[in-house]
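> Taking the hints into account, I'd like the entire structure generated from these sequences.
Residue numbers (my numbering), protein chains in the order written: chain A, 1 to 110; chain B, 111 to 752.
Hints in this document: simulated from the structure, not taken from any laboratory. Hints may be right or wrong, so weigh each one.
What the hints assert, rightly or not - Reference excerpt, derived from the structure (chain A facing chain B, CB under 10 Å, subset only):
| hint | residue |
| --- | --- |
| 1 | L20 |
| 2 | L24 |
| 3 | A25 |
| 4 | R95 |
| 5 | N106 |
| 6 | K109 |
Claimed, not checked - Away from chain A, derived, C-beta distances all over 12 Å, residues of chain B:
| hint | residue |
| --- | --- |
| 7 | L128 |
| 8 | G149 |
| 9 | D222 |
| 10 | S302 |
| 11 | L522 |
| 12 | G647 |
| 13 | G649 |
| 14 | A653 |
| 15 | G702 |
| 16 | V714 |
| 17 | G725 |
| 18 | Y730 |
| 19 | A731 |
For glycine and all other residues, C-beta sits at the position ideal for the given N, C-alpha and C.
Each chain is listed here by its residues.
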Amino acid sequence: MPVTLTHYLVLSAILFAIGLFGALAKRNVVGILMSIELMFNAVNIALVAFSRYLPVPPANQVAHGLNGQIFALFIITVAAAEAAVALAILLAIYRQRRTVSVEDINLMKW
Amino acid sequence: MPAYLWLVPVLPVIGLILIIVSGRYRPRWSGYLAVAAIGLSFLLAFLALGELIGQGTAGTVSRVETFDWFRVGSISLQLGLIFDPLAAAMLVLVAFISLVVQIYSLGYMAGDPGYTRYFAFMCIFTAAMLGLVLAPNFLQLYIFWELVGLSSYLLIGFWYERPAAAAAAVKAFVTTRLGDLGLLTGILILYSRTGSFDFSQIAAAVRAGNLGTGLLTLAMLLVFLGAVGKSAQFPLHVWLPDAMEGPTPVSALIHAATMVAAGVYLIARTFPLFAASAAAMQVVAWIGGFTALFAATQGLVMTDIKRVLAYSTISQLGYMMLGLGAASLAAGMFHLITHAFFKALLFLAAGAVIHQLGGEQNLLAMGGLFRRMPVTALTFLCGALALAAIPPFSGFWSKDEVIAAVERSGNLALTLLALATSALTAFYIFRAWFLAFLGQPRGALPAGWGRDHAPGHGPGTHRPDAGEASPVLVAPLVILAVLAVGAGLVGSPLFGGAFAAFITGSAEVSPGLDPGLAFLSTAISLVGILLAWAYYGAGWLSAEATARAVRPVYILLVKRYYLDDLYAWLVRRVLLGLSSLLAWFDRQIIDGAVNGLAWLCYAVFGWALTRLQTGRTPSYALGFVVGVVVIVLVAIVFPPAR
Chain A
1 MPVTLTHYLV
11 LSAILFAIGL
21 FGALAKRNVV
31 GILMSIELMF
41 NAVNIALVAF
51 SRYLPVPPAN
61 QVAHGLNGQI
71 FALFIITVAA
81 AEAAVALAIL
91 LAIYRQRRTV
101 SVEDINLMKW
Chain B
111 MPAYLWLVPV
121 LPVIGLILII
131 VSGRYRPRWS
141 GYLAVAAIGL
151 SFLLAFLALG
161 ELIGQGTAGT
171 VSRVETFDWF
181 RVGSISLQLG
191 LIFDPLAAAM
201 LVLVAFISLV
211 VQIYSLGYMA
221 GDPGYTRYFA
231 FMCIFTAAML
241 GLVLAPNFLQ
251 LYIFWELVGL
261 SSYLLIGFWY
271 ERPAAAAAAV
281 KAFVTTRLGD
291 LGLLTGILIL
301 YSRTGSFDFS
311 QIAAAVRAGN
321 LGTGLLTLAM
331 LLVFLGAVGK
341 SAQFPLHVWL
351 PDAMEGPTPV
361 SALIHAATMV
371 AAGVYLIART
381 FPLFAASAAA
391 MQVVAWIGGF
401 TALFAATQGL
411 VMTDIKRVLA
421 YSTISQLGYM
431 MLGLGAASLA
441 AGMFHLITHA
451 FFKALLFLAA
461 GAVIHQLGGE
471 QNLLAMGGLF
481 RRMPVTALTF
491 LCGALALAAI
501 PPFSGFWSKD
511 EVIAAVERSG
521 NLALTLLALA
531 TSALTAFYIF
541 RAWFLAFLGQ
551 PRGALPAGWG
561 RDHAPGHGPG
571 THRPDAGEAS
581 PVLVAPLVIL
591 AVLAVGAGLV
601 GSPLFGGAFA
611 AFITGSAEVS
621 PGLDPGLAFL
631 STAISLVGIL
641 LAWAYYGAGW
651 LSAEATARAV
661 RPVYILLVKR
671 YYLDDLYAWL
681 VRRVLLGLSS
691 LLAWFDRQII
701 DGAVNGLAWL
711 CYAVFGWALT
721 RLQTGRTPSY
731 ALGFVVGVVV
741 IVLVAIVFPP
751 AR
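Structure follows, in structure tokens:
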């Protein structure tokens, strides 16, 4: 059975859904961050798969149809930066409040 | 139309600019600059008039030249010049009176700290009036009309450090503003119905019957309200006596040629429109006739020489309105012109007296001045005789033409009113002359009676040894005296009513004087003079005894019919009361509604929405996800158009 675009997209959707569930349901902020990383990577899989399987439209000839893969590289970079910032904030919060549970971090209200 | 005509109003503006530029370094120059600018302006106006007369009947056609000021959509507003006999005559008159007043001011205002400012204001005043005379449409007329109002405000309040002067300036401005509101409304009504500001186009539209009679009457009454304010007619006349707080040459200019003449000129300029509405003409005539008598009665009891003249001006303006209202454009304009000469003369002569007496304006403190200042006394006498309409002085010809016009219009009541006013006029002006120039010097009155007219002339500087004023003050008096005596001849039957033919542009109109009526009015005036002599010259009758005998009337007159008090009461109680009511409504109801709405948003909806903000990050993230899902679903159900 050949592996088609649909297989990759189903994998991507499953990974995204797992990440989304983790991000909404986890109490530990570190877990939430990891779930978010999972969602990023689900998107990366979809992008690379599109880049590999779809015909290259005329407007994309300049980039030799590599747009999707370049996007994935950018997302990895941004995700790394985001993780660094998020962990730094988390560390600061932990030093203040001695907790990493979202249930106890409820400053963002009126 | 002469090519140089536009220079006539522009020259005083150039003078003004030069005065502003040079004033700081060469304050002495400003007076000469003003005289030079207005002198040139007068010369050009005179040339233009000569050209018009030289053209004969061809010159009487009204010429208009305009250019687009600006366009907004289909509306095009125009500026330009109008030139016809009416404008030409008025132009020469205004420029001439202004020139004489400027020359006089060189002497009168010498040494005043505001010397430069004075001549700068005078230049604006003259320019504004000249521009008003040349305006070919309502819009331009209204612009200059307001400029005249502004400059009169500046000049009446020239000695602004005196509270009375500042108050008088504000009073003049606000009172005339009431009339201006009417004028503006009238102009806008005419514009909304005819689509034009141009005098001739509106007149054509009225002739074609594009305006209903009722609406036309309303519009013309509103325009007349503007003239009532500017020309100090009842009931908006109250600003004019107070305007005496300005320097005397300013009073001369305001009363003779500029400010108050603007209202009469407005009626004359829009005369075809007024002529189309019989009701409006009736109102003009009645207001004029009533004002003439009403103001003359107050002139009887004033002790301030300038106030006597002020009431006389209101009264004479009433005559002009009466003449116009009696459908005689020529009579009204003729009286305007002769009045300009003799009233300017009277004011300047009074100014010379005040100047020489160190600021004394109270008639009761004068007396016996004939021996010390004979030229001033004689020129004042010329003006007084002209005002009293004694033949052959100029006032006789014009006033009797007015009375004859009223009599021809068949209104007996107004004719009698005008004749009665003649007697009062003669009485009050000769009362002033006898009190000031005959008898014995009565000397300074206790402090508080007289008014010091200029800084530097403090109270108590009354100089009983004052002599004749300097030549620069006396020369204008002599020139004006000649004109006050002779100017009436151009309109007299001796010359076949040349003025009436000129101003109306038709040869056959000149019914001239009614000899019987002229005789009657002269006799009435002579009675008035005799009475004045009996009271104040010979002393056969005692003014004090008469005043005691009719004390209620006397008090009423001295209190100026309590009109000022009535207006003050109206403003303080009614207007301010209403205003405070409205202020309460504004603060409590209007602001209350706005503030209440804000409170409702804040307290009710705000409270409900804050409940949504739990502070729990996962619930925010859930909201975020739900939002994205909804957007995606919407995009799928309603795919964006390609």
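> It remains to establish, for every hint, whether it holds in the given structure.
Here is how each hint holds up against the structure:
With 10 Å as the threshold, the beta carbon of L20 of chain A comes within range of chain B, its nearest partner Cβ sitting at about 7 Å, so the hint holds. For L24 of chain A, the interface hint holds, the least distance from its beta-carbon to any beta-carbon of chain B being 5 Å, beneath 10 Å. For A25 of chain A, the interface hint holds, since its Cβ comes within 10 Å of a Cβ in chain B; the closest pair sits about 7 Å apart. Taking 10 Å as the C-beta cut-off, the interface hint given for R95 of chain A is violated, the closest approach to chain B being about 18 Å.
The closest approach between the C-beta of N106 of chain A and any C-beta of chain B is roughly 3 Å, which is under the 10 Å cut-off, so the hint is satisfied. Annotation: interface hint on K109 of chain A holds; nearest CB of chain B at approximately 3 Å, less than 10 Å. In this structure L128 of chain B is separated from chain A by more than 12 Å, as the shortest Cβ-Cβ distance comes to about 69 Å. Look at G149 of chain B: its CB is around 79 Å from the nearest CB on chain A, clear of 12 Å, so calling it non-interface holds up.
Every CB of chain A is more than 12 Å from the CB of D222 of chain B (nearest about 70 Å), matching its label as outside the interface. The Cβ of S302 of chain B sits about 56 Å from the closest Cβ of chain A, beyond the 12 Å cut-off, so the non-interface label holds. Every CB of chain A is more than 12 Å from the CB of L522 of chain B (nearest about 86 Å), matching its label as outside the interface. In this structure G647 of chain B is separated from chain A by more than 12 Å, as the shortest Cβ-Cβ distance comes to about 94 Å.
No Cβ of chain A approaches the Cβ of G649 of chain B within 12 Å, the least distance being about 95 Å, so the stated non-interface status holds. Distance to chain A confirms A653 of chain B as a non-interface residue, since its nearest Cβ pair spans about 86 Å, more than 12 Å. Even its closest Cβ contact with chain A, about 27 Å, leaves G702 of chain B beyond 12 Å, as expected for a residue assigned away from the interface. Separation of V714 of chain B from chain A is adequate, the least Cβ-Cβ distance of about 15 Å exceeding the 12 Å criterion.
Non-interface call for G725 of chain B relative to chain A: violated, since the shortest CB-CB distance, roughly 3 Å, does not exceed 12 Å. Against the 12 Å criterion, Y730 of chain B falls within the reach of chain A, whose nearest CB is about 7 Å from its own CB. Residue placement check: A731 of chain B does not keep its beta carbon more than 12 Å from all beta carbons of chain A (closest about 6 Å).
Hints 4, 17, 18 and 19 from the list above are not met by this structure, while the remaining hints are.
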